[in-house]
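A.B. asks: Chains as they are written, first to last, in the numbering used here: chain A, 1 to 282; chain B, 283 to 586.
These aren't lab readings, by the way, just hints derived from the structure by calculation. Here the structure is a predicted model, which is why all the values come from computation and not from measurement. Treat the hints with caution; some may be incorrect.
Heads up, simulated SDA-like pairs for lysine to any residue below, C-alpha to C-alpha not over 20 angstroms straight-line [stated by the list, open to error]:
no. : chain 1 : residue 1 : chain 2 : residue 2
1   : A       : Lys281    : B       : Arg299
2   : A       : Lys281    : B       : Glu372
3   : A       : Lys281    : B       : Gln357
4   : B       : Lys358    : A       : Arg278
5   : B       : Lys470    : B       : Pro288
6   : B       : Lys305    : A       : Arg278
7   : A       : Lys19     : B       : Glu417
8   : A       : Lys281    : B       : Asn327
9   : A       : Lys281    : B       : Phe300
10  : B       : Lys366    : A       : Pro109
11  : A       : Lys281    : B       : Ala496
12  : A       : Lys281    : B       : Ala304
13  : A       : Lys281    : B       : Arg297
14  : A       : Lys281    : B       : Ala375
15  : A       : Lys19     : B       : Thr420
16  : A       : Lys95     : B       : Ser381
17  : A       : Lys19     : B       : Ser381
18  : A       : Lys281    : B       : Asp295
19  : A       : Lys281    : B       : Gly346
20  : A       : Lys19     : B       : Ser416
21  : A       : Lys19     : B       : Tyr379
22  : A       : Lys19     : B       : Lys470
23  : A       : Lys95     : B       : Asp378
24  : A       : Lys201    : A       : Asp99
25  : A       : Lys281    : B       : Gly328
Each chain, letter by letter, is given below.
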Amino acid sequence: MNLFLFQLRGELRKMFARKRTWIGFGAFLVLEIVLLIVLHLDGPMSFWKRIIERQGQMFEFYFSAPTIGYIILGLSTMLLGGIYISLVAGDIVAKEAEDGTLRMVLGRPISRLRLLLLKYASCLIYNVLFVLFMGTTCYLLGACLRGFSGGFFAFAPEQGVVSFFPAAQGLGRYALAVVFLSLTLCTVSSIGFFFSCLPIKPAAATILTLSYLFIDMVLVKGQFMEDYEHLLVTSYIDTWLRTCLTPIPWMRIVRDLVVLAGVNSTFFILGWAVFQSRDFKT
Amino acid sequence: MTSPNPVILEARDLRKRFPRAAKPALSGVSFSVNRGEIFGLLGHNGAGKSTTLGIMLGMVAPTGGDVVVDGHSVQKERAAALRKVGAIFEAPAFYDYMSGWDNLRFLTSLSGLTTTDGFDEIVELVGLSERIHSEVRTYSHGMRQRLGVAQALLPKPEILLLDEPTDGLDPEGIREFRELVIQLRDEKGLTILLNSHLLSEVEQVCDRFAILKAGNLIYEGGAEDLDPGTIRFKVEVDDWEKAKELIQNGGGEVDTIESGIFHLPKQSDPAEINTALVGGGLRVRTLAEAPRSLEDLYLEVTNR
Numbered sequence: 001m002n003l004f005l006f007q008l009r010g011e012l013r014k015m016f017a018r019k020r021t022w023i024g025f026g027a028f029l030v031l032e033i034v035l036l037i038v039l040h041l042d043g044p045m046s047f048w049k050r051i052i053e054r055q056g057q058m059f060e061f062y063f064s065a066p067t068i069g070y071i072i073l074g075l076s077t078m079l080l081g082g083i084y085i086s087l088v089a090g091d092i093v094a095k096e097a098e099d100g101t102l103r104m105v106l107g108r109p110i111s112r113l114r115l116l117l118l119k120y121a122s123c124l125i126y127n128v129l130f131v132l133f134m135g136t137t138c139y140l141l142g143a144c145l146r147g148f149s150g151g152f153f154a155f156a157p158e159q160g161v162v163s164f165f166p167a168a169q170g171l172g173r174y175a176l177a178v179v180f181l182s183l184t185l186c187t188v189s190s191i192g193f194f195f196s197c198l199p200i201k202p203a204a205a206t207i208l209t210l211s212y213l214f215i216d217m218v219l220v221k222g223q224f225m226e227d228y229e230h231l232l233v234t235s236y237i238d239t240w241l242r243t244c245l246t247p248i249p250w251m252r253i254v255r256d257l258v259v260l261a262g263v264n265s266t267f268f269i270l271g272w273a274v275f276q277s278r279d280f281k282t
Numbered sequence: 283m284t285s286p287n288p289v290i291l292e293a294r295d296l297r298k299r300f301p302r303a304a305k306p307a308l309s310g311v312s313f314s315v316n317r318g319e320i321f322g323l324l325g326h327n328g329a330g331k332s333t334t335l336g337i338m339l340g341m342v343a344p345t346g347g348d349v350v351v352d353g354h355s356v357q358k359e360r361a362a363a364l365r366k367v368g369a370i371f372e373a374p375a376f377y378d379y380m381s382g383w384d385n386l387r388f389l390t391s392l393s394g395l396t397t398t399d400g401f402d403e404i405v406e407l408v409g410l411s412e413r414i415h416s417e418v419r420t421y422s423h424g425m426r427q428r429l430g431v432a433q434a435l436l437p438k439p440e441i442l443l444l445d446e447p448t449d450g451l452d453p454e455g456i457r458e459f460r461e462l463v464i465q466l467r468d469e470k471g472l473t474i475l476l477n478s479h480l481l482s483e484v485e486q487v488c489d490r491f492a493i494l495k496a497g498n499l500i501y502e503g504g505a506e507d508l509d510p511g512t513i514r515f516k517v518e519v520d521d522w523e524k525a526k527e528l529i530q531n532g533g534g535e536v537d538t539i540e541s542g543i544f545h546l547p548k549q550s551d552p553a554e555i556n557t558a559l560v561g562g563g564l565r566v567r568t569l570a571e572a573p574r575s576l577e578d579l580y581l582e583v584t585n586r
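Start from the sequences and build out the full structure, keeping to the hints where you can.
C.D. replies: Here you go:
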């Protein structure tokens, strides 16, 4: 186990030494700032004012750092989150195969399964760190605009979420939502990882991942697939939004996470099976 | 106490057919490498050298057969077998955005090394002490190759597999590499398998070699084992066509590959050929023994 952790540290050091890994962090910060500016414009501001006041609540109190963070987080995840997570996951094996570094690794006394476990674990760690970074920066940007005080208004009508929380509880719910978002997005990493194990270019792995997610999301949104929604992964990924319901539907959330864990395991095993059967010439 | 098996690396009936390939890449290749020797693997492009090396490193799954490294099957006990093996590839690829040192740390961690003990010694041996903390993207081809040697040597292997290691190196780099290979065998007692199409290189460093042709092993042994029973001569005359006839009449065999070369049975006297040539009205400028190079042997064997 110690050796595995040592090797994982090396894999992470390698991943974070690449400039490309940091592009996602930088791009997100820029996107968050852009969204913050847009949110500050009269149109969007009056939209949220209307929604909050329609519920009989005070806009000045509830349009706060966690509320703004939550709005920006939802939008930026939808716009760019999947792209950057699948970019890193799609690269994780395919890029090394393309660059030729994989043969330097495969010539060593390490099993392919262990190698993939290291890469998959580093992918998931990147995923979690990335979402925690997003969550934190979204909140801090919100605080720049509205200060650290105020309650938390969570709004996701498709999941039935229209919730108001006092300041302390709101911050806790916001943090919970970010943590669960980081867990559910691991499925994006898993899909990207699977495609990366195929004998294809890294860009193709990323595009296939995004295509899969896009089609899945379109099918979830289309009413005609309502009966088959349980087969579509993005319907489970959205479960992070339910942490803002009162009371928190833990059974539903746990069920969704278990399904996602099963999906993740399946993609990992499929990726491993493909990778194990591949020949890598020197 | 029993003495160790003299054979440290053995290819047993290796067969490989790649999906959608018209012909098999390997058709039952077997050879063995003895402890402490430098063994050359020769063959044209596509002969199956890299596939053989890939199977030895567990990177290519054979359709049949096995590779045994010091008693451990690469197919069944890959980790145990490869613990004794270091590999150097043609144009080794590294993580360019990391330093040479960090590359070594990462790669050796996959071999189970958790410390940097011995790194300085090896880095000095390959002559990279000055630049080891620079990013690999700033390295020349020769420096990358030396880093490749370092990563192969660090887990303290008993066998080194070298795949076209001098490709792309300048003449000085090739000579340095050749000297390093001999030094590693003599001083560290390593067994070395050298996969190369540079016959002069193999000739200068290898004790024995195997020749592959279209996925088949057509020769295994030393250059001295390939004794055709004749002596090779080079002759320079003003009319080679006429000389050929006179040589053949005198019991010589004219080389079919190279002009001006003929072979005589070992007991024959070359002076008789000289007399026949001069008697035939030819001006003989040179008549001298021309020992076979590995290239001659290789061409003879592969053209049979």
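A.B. asks: Holds or violated: Lys19 of chain A with Tyr379 of chain B, Cα cutoff 20 angstroms?
C.D. replies: The given pair, whose Cα atoms are some 8 angstroms apart, holds under the 20 angstroms limit.
A.B. asks: Taken at face value, is the distance from the CA of Lys470 of chain B to the CA of Lys19 of chain A at most 20 angstroms?
C.D. replies: violated (40 angstroms)
A.B. asks: Quickly compare the C-alpha distance for Lys95 of chain A and Asp378 of chain B to 20 angstroms and report which way the hint goes.
C.D. replies: holds (13 angstroms)
A.B. asks: With a cut-off of 20 angstroms on the C-alpha distance, tell me whether Lys19 of chain A and Glu417 of chain B pass.
C.D. replies: holds (13 angstroms)
A.B. asks: Given the hinted pair Lys19 of chain A and Thr420 of chain B, is their alpha-carbon gap at most 20 angstroms?
C.D. replies: Given pair Lys19 of chain A, Thr420 of chain B holds - Cα atoms ~16 angstroms apart, limit 20 angstroms.
A.B. asks: Hey, Lys358 of chain B versus Arg278 of chain A, does the alpha-carbon distance stay inside 20 angstroms?
C.D. replies: Holds, at roughly 17 angstroms.
A.B. asks: Below or equal to 20 angstroms on CA atoms is what counts here, so check Lys281 of chain A against Asp295 of chain B.
C.D. replies: Distance ~19 angstroms between Lys281 of chain A and Asp295 of chain B Cα, so the pair holds.
A.B. asks: Quick one, are Lys281 of chain A and Ala496 of chain B close enough, alpha carbons at most 20 angstroms?
C.D. replies: holds (17 angstroms)
A.B. asks: Please verify whether Lys281 of chain A and Arg297 of chain B have alpha carbons no more than 20 angstroms apart.
C.D. replies: holds (15 angstroms)
A.B. asks: Does Arg278 of chain A lie within 20 angstroms of Lys305 of chain B when you go C-alpha to C-alpha?
C.D. replies: holds (19 angstroms)
A.B. asks: Can the restraint linking Lys366 of chain B and Pro109 of chain A be considered satisfied, given a maximum Cα separation of 20 angstroms?
C.D. replies: Within the cut-off at roughly 9 angstroms; holds.
A.B. asks: Measure nothing beyond the straight line between the CA atoms of Lys19 of chain A and Ser381 of chain B; if it is 20 angstroms or shorter, mark the hint as holding.
C.D. replies: holds (14 angstroms)
Checked against the numbered hints above, the structure breaks only hint 22 and satisfies the rest.
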